[in-house]
Every structure is written in structure tokens, then in C-alpha cells.
Amino acid sequence: EAQVTQNPRYLITVTGKKLTVTCSQNMNHEYMSWYRQDPGLGLRQIYYSMNVEVTDKGDVPEGYKVSRKEKRNFPLILESPSPNQTSLYFCASSSTTGGLSNQYFGPGTRLLVL
Amino acid sequence: EDQVTQSPEALRLQEGESSSLNCSYTVSGLRGLFWYRQDPGKGPEFLFTLYSAGEEKEKERLKATLTKKESFLHITAPKPEDSATYLCAVQETDSWGKFQFGAGTQVVVTP
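Line by line, the protein sequences give chains E and R.
So that you can map any letter, position 32 of the first sequence is 32 in our numbering, and since no number is skipped, the others follow by simple counting.
So that you can map any letter, position 68 of the second sequence is 1068 in our numbering, and since no number is skipped, the others follow by simple counting.
Next comes chain E alone, as it looks inside the complex (with noise of 0.2 Å):
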């Protein structure tokens, strides 16, 4: 089944504590990308990767780092989180072949940092 996965889906942190919300992906995408959703916002892109090695901030990468050495993953590094990253996260691929015309998007990670 073609699909993206995201871990853990649930997360509550204190504020400092590194951690690493991991995403693959096993439909052989180019693309990857995460976003944060809020309440009124909607979602905002943090980085995405159009390939292996090639990675590019989104609209709010402040606070994040990514990084893609293989093409079926794509983590999400926070290195010190603070409470105004609490939000909910996805991870989502697509194929260049068609422009990223369809995005696959995970099923989400709720981050809470207290």
C-alpha cells in the first residue's frame, strides 16, 4: 500500500529536549515536504526536499532542520523546542513527474512542548 508514515504520532516534550519526528515514504517520491497546522492558520511549510541532498526553507523554517540521505526519508529535527512549536505536523511526497500535483500527506504528529 502506497502510503506515508510518520513517528511518533503523539509527542509531549519539555522545552530544550532535542528531538527527531521521523517520515518515510515508499512510493519512491523525489519530493518531500513538512508542514505545521494551526488553528486559523492552516498549514505552513517548514522545508521540503525536491531530491536526495537538496533541501529548501518553506515559509516557517525557523527553529527546525531537516536533512534527506535517502530518498525514503525525510526527518524532522527540532534541536530545541520551545512551547511555540506545539502544533501538528505533516510530513507529505510527491513525484516531480507532473509538477508535485499531488501531494501525499502522512497521517500527522501532535507535538506538545511544555
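Not one of these hints is a red herring.
The list that follows gives simulated cross-link-like pairs (lysine-lysine, BS3-like), each with its CA atoms no further than 30 Å apart:
#1 R:K1042 with E:K65
#2 E:K18 with R:K1042
#3 E:K17 with R:K1042
#4 R:K1098 with E:K65
#5 E:K71 with R:K1042
#6 E:K57 with R:K1068
#7 R:K1098 with E:K18
#8 E:K57 with R:K1069
#9 E:K57 with R:K1098
#10 E:K57 with R:K1042
#11 E:K69 with R:K1098
#12 R:K1079 with R:K1057
#13 E:K71 with R:K1098
What the hints contain is simulated information worked out from the structure, not anything from laboratory work.
Nothing here was measured: the structure is a model prediction, and the numbers come from that model.
Based on these hints, arrange chain R on the given structure of chain E.
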């Protein structure tokens, strides 16, 4: 600043009562406009891509249209299973990897 604005924020419909959702955008150059459906507790699910003014796409009770400044998602004779939040997103010509989403329209269809 580039923006994507969706209206209304929420919409309550009776089953069979057709309506339209609006997505207005201001970007320097539009490469594509996308509609997604999001059910509670789930990730968005792709519905349509529109590339040029005048283009229309249809799927079951949904029809998406595009003009130079906005897109409409028409819901014809909705059923309760059409209840969801509908999101639109834009992709610019000079930055394929970047997507800007609107805040969404929450649609509730009652029997």
C-alpha cells in the same frame, strides 16, 4: 506578500443544498492551484489540480474552477459524507517546491 484566502471559514449545509467555496490568491505567477479535503484527525487528501484560467475539474459532486484571481469549489447536492475541511493551495512558477495553503473551509452537511 503572497496570500491565499479561503471563504467562508465554515459552512453548514442541508443535504442536497448546493453551495460554493472560494479561494482567492495573490501570487506573482501561478503554476498550479490545488484543492485538498481533510477529515478530522487525518492528513489532507488530494482532490484537484488547476493550471490555467478557465480550467474546470469534476469529481462526483465536486467541481473546481479557476480564474486569474480565484478558484471556486462547487459542491452539488452534498451528502453528509462530504463533510470535511476543504483546503486550497497555490504553487508559484519560480518556486515549484513551495506551496502556500489557505486556512480552509470547514463544511458540515446535515441529513
